[in-house]
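Undergrad: For reference, the chains in residue letters:
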Amino acid sequence: MQEADISILLIGILLKTTLQMATPLILTALGGMYSEKSGVVNIGLEGMMLMGAFAAVWATFLTGNPWIGLVAAALAGGLLASTHAIVSVKFKGNQIVSGTGIILFALGFTTLMLDAVWGVAGDTPEVTPLPKVQLPFLADIPIIGIVFSQLSPIIYLMFVLSILSWFVMYKTPFGLRLRAAGEDPSTLDTAGVNVEWVRFIGVVLSGCLAGLGGAYLSIGFTTRFRKGMTGGRGFVSLAALIFGNWAPLGVFLAGLLFGFLNGLPNIIQVLAQYNSDLAFLMNYIDLIAMIPFILVVIALAGIRKSRPPKGIGVPYEKEAAG
Amino acid sequence: MTEFPSTGEGTSEQGTAKGGESNPVGYLSGAPQAIIAKLTDSRFQKQVIWTIASIILALLVSAVIMTMAGYDAGRAFAYLLVGALREPGRVLQFATPLILTGLAVALAFKCGLFNIGAEGQLYIGSMAAAVVGFTISWPYLAHPILCLFVAAICGGIYGLIPGLLLAYRGAHEVVTTMMLSYAAIALTTWLVGPNGFWMDTAGSELIPQTPLLQDTAILPTIGGPYLHWGIFVAILAVFVVDYLINRTVLGYEMRAVGLNRDAAEYAGINSKKNVALTLTFSGALAGLAGGGEIMGTYNRFIHRWSPGLGWDGITVAVLGGNNPWGVLGGAIFFAALRVGGNAMQMDAHVPIEMVSVIQGLIVLFVAAPRAIMWMQNRGVEYVEWVKSEEKLPLDHLFGIISSLVGVFISFGLVSASTGNLLLSVSLLLVGVVAIAAFAIFLAKRRYILPIFTILSIAWLLTALVSFFTGILLVTVIAGVMGLLSITDLLLLRRRYQDRNIVKEAES
Numbered sequence: 235m236q237e238a239d240i241s242i243l244l245i246g247i248l249l250k251t252t253l254q255m256a257t258p259l260i261l262t263a264l265g266g267m268y269s270e271k272s273g274v275v276n277i278g279l280e281g282m283m284l285m286g287a288f289a290a291v292w293a294t295f296l297t298g299n300p301w302i303g304l305v306a307a308a309l310a311g312g313l314l315a316s317t318h319a320i321v322s323v324k325f326k327g328n329q330i331v332s333g334t335g336i337i338l339f340a341l342g343f344t345t346l347m348l349d350a351v352w353g354v355a356g357d358t359p360e361v362t363p364l365p366k367v368q369l370p371f372l373a374d375i376p377i378i379g380i381v382f383s384q385l386s387p388i389i390y391l392m393f394v395l396s397i398l399s400w401f402v403m404y405k406t407p408f409g410l411r412l413r414a415a416g417e418d419p420s421t422l423d424t425a426g427v428n429v430e431w432v433r434f435i436g437v438v439l440s441g442c443l444a445g446l447g448g449a450y451l452s453i454g455f456t457t458r459f460r461k462g463m464t465g466g467r468g469f470v471s472l473a474a475l476i477f478g479n480w481a482p483l484g485v486f487l488a489g490l491l492f493g494f495l496n497g498l499p500n501i502i503q504v505l506a507q508y509n510s511d512l513a514f515l516m517n518y519i520d521l522i523a524m525i526p527f528i529l530v531v532i533a534l535a536g537i538r539k540s541r542p543p544k545g546i547g548v549p550y551e552k553e554a555a556g
Numbered sequence: 011m012t013e014f015p016s017t018g019e020g021t022s023e024q025g026t027a028k029g030g031e032s033n034p035v036g037y038l039s040g041a042p043q044a045i046i047a048k049l050t051d052s053r054f055q056k057q058v059i060w061t062i063a064s065i066i067l068a069l070l071v072s073a074v075i076m077t078m079a080g081y082d083a084g085r086a087f088a089y090l091l092v093g094a095l096r097e098p099g100r101v102l103q104f105a106t107p108l109i110l111t112g113l114a115v116a117l118a119f120k121c122g123l124f125n126i127g128a129e130g131q132l133y134i135g136s137m138a139a140a141v142v143g144f145t146i147s148w149p150y151l152a153h154p155i156l157c158l159f160v161a162a163i164c165g166g167i168y169g170l171i172p173g174l175l176l177a178y179r180g181a182h183e184v185v186t187t188m189m190l191s192y193a194a195i196a197l198t199t200w201l202v203g204p205n206g207f208w209m210d211t212a213g214s215e216l217i218p219q220t221p222l223l224q225d226t227a228i229l230p231t232i233g234g235p236y237l238h239w240g241i242f243v244a245i246l247a248v249f250v251v252d253y254l255i256n257r258t259v260l261g262y263e264m265r266a267v268g269l270n271r272d273a274a275e276y277a278g279i280n281s282k283k284n285v286a287l288t289l290t291f292s293g294a295l296a297g298l299a300g301g302g303e304i305m306g307t308y309n310r311f312i313h314r315w316s317p318g319l320g321w322d323g324i325t326v327a328v329l330g331g332n333n334p335w336g337v338l339g340g341a342i343f344f345a346a347l348r349v350g351g352n353a354m355q356m357d358a359h360v361p362i363e364m365v366s367v368i369q370g371l372i373v374l375f376v377a378a379p380r381a382i383m384w385m386q387n388r389g390v391e392y393v394e395w396v397k398s399e400e401k402l403p404l405d406h407l408f409g410i411i412s413s414l415v416g417v418f419i420s421f422g423l424v425s426a427s428t429g430n431l432l433l434s435v436s437l438l439l440v441g442v443v444a445i446a447a448f449a450i451f452l453a454k455r456r457y458i459l460p461i462f463t464i465l466s467i468a469w470l471l472t473a474l475v476s477f478f479t480g481i482l483l484v485t486v487i488a489g490v491m492g493l494l495s496i497t498d499l500l501l502l503r504r505r506y507q508d509r510n511i512v513k514e515a516e517s
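Those protein sequences? They're chains A and B, same order as listed.
For the first sequence, the numbering used here gives the first residue as 235, with consecutive numbering after it.
For the second sequence, the numbering used here gives the first residue as 11, with consecutive numbering after it.
Keep in mind the hints are simulated off the structure, nothing from the lab.
Backbone N, C-alpha and C define an ideal beta-carbon position, used for all residues, glycine too.
Careful: at least some of the hints might be erroneous.
[Stated by the list, open to error] No more than 35 Å apart at the CA atoms, straight line, and that leaves these computed lysine-lysine pairs for DSBU-like: (1) A:Lys461 / B:Lys282; (2) B:Lys397 / A:Lys544; (3) A:Lys552 / B:Lys56.
[Stated by the list, open to error] Label pairs and their in silico Cβ distance ranges: (4) B:Trp395 / A:Pro407: 37 to 43 Å; (5) A:Asn299 / B:Val396: 30 to 36 Å; (6) A:Asn428 / B:Glu394: 26 to 32 Å; (7) B:Phe249 / A:Asp357: 54 to 60 Å; (8) A:Asp511 / B:Val435: 39 to 45 Å; (9) B:Val390 / A:Trp431: 47 to 53 Å; (10) A:Glu417 / B:Val259: 36 to 42 Å; (11) A:Asp357 / B:Leu431: 20 to 26 Å; (12) B:Gly80 / A:Leu369: 42 to 48 Å; (13) A:Tyr404 / B:Arg179: 48 to 54 Å.
[Stated by the list, open to error] Here's a subset of chain B near chain A, in silico, CB distances under 7 Å, partners left out: (14) Gly80; (15) Thr186; (16) Met364; (17) Ala377.
Can you build the whole structure from these sequences, using the hints too?
TA: Dropping the structure here:
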C-alpha cells in the first residue's frame, strides 16, 4: 500500500472509532438532557445504561431477535428511570441521593440476574447482535466510505435522535413545557400545565435513551453483556451534557469529543501498529487514558461557562391552594 | 438494624446550649444533657424511624426480587445475619475505611457539595501512604503516623483542586471530582506498572503493585487476623469531624454556606474559602481511608485495589443522614451487610451483588421520606375507611389478597414457562396489572372497578393462551384466578353501585 493510502485508512479508522465510542455517550447525554432540562438531576444515567445493556441481551437471548432486545433496552431504562421519577418528582426526594440508589441497584441487579438467568458470574453467552448496516452510496467516497462501513444501526438511530431531540426541544409545545419546567416551574404551573407530569415524562425519556445507549454497548458494539460493562460511561455522558451546555447540538459535539478522547487508547494502539516510531506511546497508555478526564476538568474550568437550568435539582412544591 | 448509635447525637444543631465553645473538655462534659435533648427531639426520632422503615422496606423488596429470581430469600437473610454476627472483627475491619469515606462525603454534603470522587482521593492517599511506607525507614509508631499524615495531605490536595476550580471557576464539583477520580485510578495504575516508578520487581510474577511496606509502617492488628488500628483512626475522625462541624466557627460557616450560599455571603461569610476548604478536608478524610487500608489490610499498593470504597462512602453518608455519628452507624451496618453477604454467597448461593441491590433500595427509600409518610397516611386512611363501613368489607379484603397473591403466582409462573414467549408476556402483563390493582385498592378506590375488570380479563386471556400452547397447569391456575376475580368483581360492583344510588338519592 502507498503511504497516502495508509494515512487515509488511519484517518478513516480514527473517525470510525470516534463515532463508535461517541454513540453511547451521545445517546445517554441526550437522555440526560431531557431529564435535566425539565429540572431533575439524573446521576443515575450510569445505572439506566447498565439496565438497558442487560435487558437488550436478555430479551435477545429469550427471543433470538436483537430488535426486540433494542426495544426492551429502552423499556428497561425507562422503567428504572420511572423509579427515579417517583422518588424525586412525586415524593420530592433528594435527586442526587436517588440517582446514587439507582446506580447501586442497577449494578447489583444486573449482576444478580447473570447468575439467576445463566448461572454465570462475569459474561453472558453470546447473542445475535444487531445486523451491521452498509450504506451502498457511501462506500466509494474516500474517507467517509471507511467511516460508514459496517456500522451498527444504533449509530444511525443516534443521528436521527439527535436531530429529533433538537426539533422536540425547540420546535414543539412539549419541548417548551419541558424547558419551562426546568427554568421556571411556577410560571409553567400558572399557565395550567402539570409540572410534575412534565418532569416525570422528561425523566422517563432520559431512561429510555440511556437504555438505548447501553444497548449499543451490548448488542451493537459487542455481542454479550459483561458485569459493569458501562465502566463509568454514564458519568462521562453527564460531563458531556454539562460541557455541551444542556443543548442538543452542544451535547452532540461534546459527545463526539469525549468519544474521541475515550477511544484515544485504542487509536494509539492502531497507530503504534502501523508506525514503529510511535510504538513508545504504548508505554504510556495508562497515562494517555488519563488525558481525557483531565481535559474535561480543564475545559469545565477554563474554556466556557455552562449554565444549568435555573430550577434544576429543586423539587417543585405547588403552593397550597386557598 | 440496631446499629444506629444514640450516643453523642447531642452534638448537632439542636442540643448546642454552648454554641461556639472551643474547649474540647467542655465539649465532652456538655454531652450528656445534649444527648437527652437530642433523643427527645421529635425531628430526630422521626428521622431514625424513617431510616429503620427504609431498611425494612428495602429488605422486603429484596425478598420479592430474590424469590422471583429463584433464590431462597429466607435462607439468604438467615446467612446474611449469621455471617455478620459471627465475625465482628471482620465487620469492623470492613467498616474502617467506610467510616472515613462516609465522613468525607458527609462533610462535603454539609457544605452543600457532592464529593462523588472520594474514590480518587482515596487512591491518591493510598498511593502516597504506600510510597512513604516502603521507601523510608522510620521507627515504629512514628512511621505509621507519618504515612497517614502524608496520605491525608495528598488526598487533601487532590480534593483542593476541584475545590478551587469550583470556588473560583464555577466548575461543577460532581463532574470534576468524578473525572479526577478516573484520572487518579489511571495514574496510579501507571505508576505501579512496568513503565512507572514503583513497581515491585522482586516477585517472579510481574503484577502492577508496589513492594511490601516496611514492617514499621504496618498498622498492627487487634485481637485477631482482621481488625487493625485503623479503626481507632476512624473513630477519632468521627469525633474530630463532629467537633469541626458543630463546635467551630469554620464548621458553622460551612453549614451556613451549605444551607444558602447567597445568604451566607450576605452575612459576611467567604463562601469560596469555605467551599475550597471543605473539599480539602473531605479529600483528606478519603485519603486517610486509603492510607489506612493499605497499611492495615493490603500491606502494599495494588493497582485498582479498592472495591468501590469511595462509592460506598456516598451510601454510608446518605444512610447516616450526614451526621458523623450516623455515618459511624451506617458504615458498621453496611460492613455487616458485606460480611454477611459473603456468607450468603457461600452458604445460600445468592451472589454477593444482592447486597448491592439491598444498598441501592435502602438509598432509594431514604431519599424519599415522603414516600414512607405517604404509605403511612394511606395505611391510616384505609384502616379508617374499613372502620367506617357497617360490616367488614370482605369482598374488598379478598380483592387485596387475590391481587397480591396474583403478583407472586404470575411472576412465579413466568420462570416456569420458559421458551414460550407469548405466555411469558401475558403472565408478565398479569403481574404488572396485579401490582397496579394492589396499589389502587389501597390508594384510590375510584379506580378499583376498571383495574379489577382488566385483571380478570388478563387472567382469562392467559388461561386461553396457555390452553392453546398446551400448558395445562397454567390454564387451571389462571382460570381459577380469573373466575375468582370475576366473582369478586361482581360483588364489588354491587357495593359501589349501591353506594352510587345512595349518593344520587342524597343529592
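Undergrad: Assess, step by step, whether the Cα of Lys552 (chain A) is no farther than 35 Å from the Cα of Lys56 (chain B), and give holds or violated.
TA: 24 Å, holds
Undergrad: Take the C-beta atom of Val390 (chain B) and the C-beta atom of Trp431 (chain A), compute their distance, and say whether it sits inside 47 to 53 Å.
TA: 27 Å, violated
Undergrad: Would you check whether Thr186 (chain B) satisfies its interface hint, that is, whether its CB is within less than 7 Å of any CB in chain A?
TA: Cβ of Thr186 (chain B) sits 5 Å from chain A, so the hint holds.
Undergrad: Close enough to count: is the Cβ of Met364 (chain B) nearer than 7 Å to one in chain A?
TA: Because about 6 Å separates Met364 (chain B) from the closest Cβ in chain A, which is inside the 7 Å limit, the hint holds.
Undergrad: Given the range 39 to 45 Å, decide if the beta-carbon distance of Asp511 (chain A) to Val435 (chain B) lies inside it.
TA: 58 Å, violated
Undergrad: I want to verify a distance hint. Is the separation of the beta carbons of Asn428 (chain A) and Glu394 (chain B) within 26 to 32 Å?
TA: 29 Å, holds
Undergrad: Close enough to count: is the Cβ of Ala377 (chain B) nearer than 7 Å to one in chain A?
TA: 4 Å, holds
Undergrad: Tell me if the beta carbons of Tyr404 (chain A) and Arg179 (chain B) are separated by a distance inside 48 to 54 Å.
TA: Since Tyr404 (chain A) and Arg179 (chain B) have Cβ atoms about 29 Å apart, the given range 48 to 54 Å is violated.
Undergrad: Please check whether Asp357 (chain A) and Leu431 (chain B) have a Cβ separation lying inside 20 to 26 Å.
TA: 24 Å, holds
Undergrad: Can the suggested window of 54 to 60 Å be confirmed for the beta-carbon pair Phe249 (chain B) and Asp357 (chain A)?
TA: With a Cβ separation near 46 Å, Phe249 (chain B) and Asp357 (chain A) fall outside 54 to 60 Å, so the hint is violated.
Undergrad: Does the Cβ distance between Gly80 (chain B) and Leu369 (chain A) fall inside 42 to 48 Å?
TA: 45 Å, holds
Undergrad: Measuring from beta carbon to beta carbon, are Trp395 (chain B) and Pro407 (chain A) in 37 to 43 Å?
TA: 40 Å, holds
Going down the numbered hints, you'll see the structure goes against 1, 2, 5, 7, 8, 9, 13, while the others check out.
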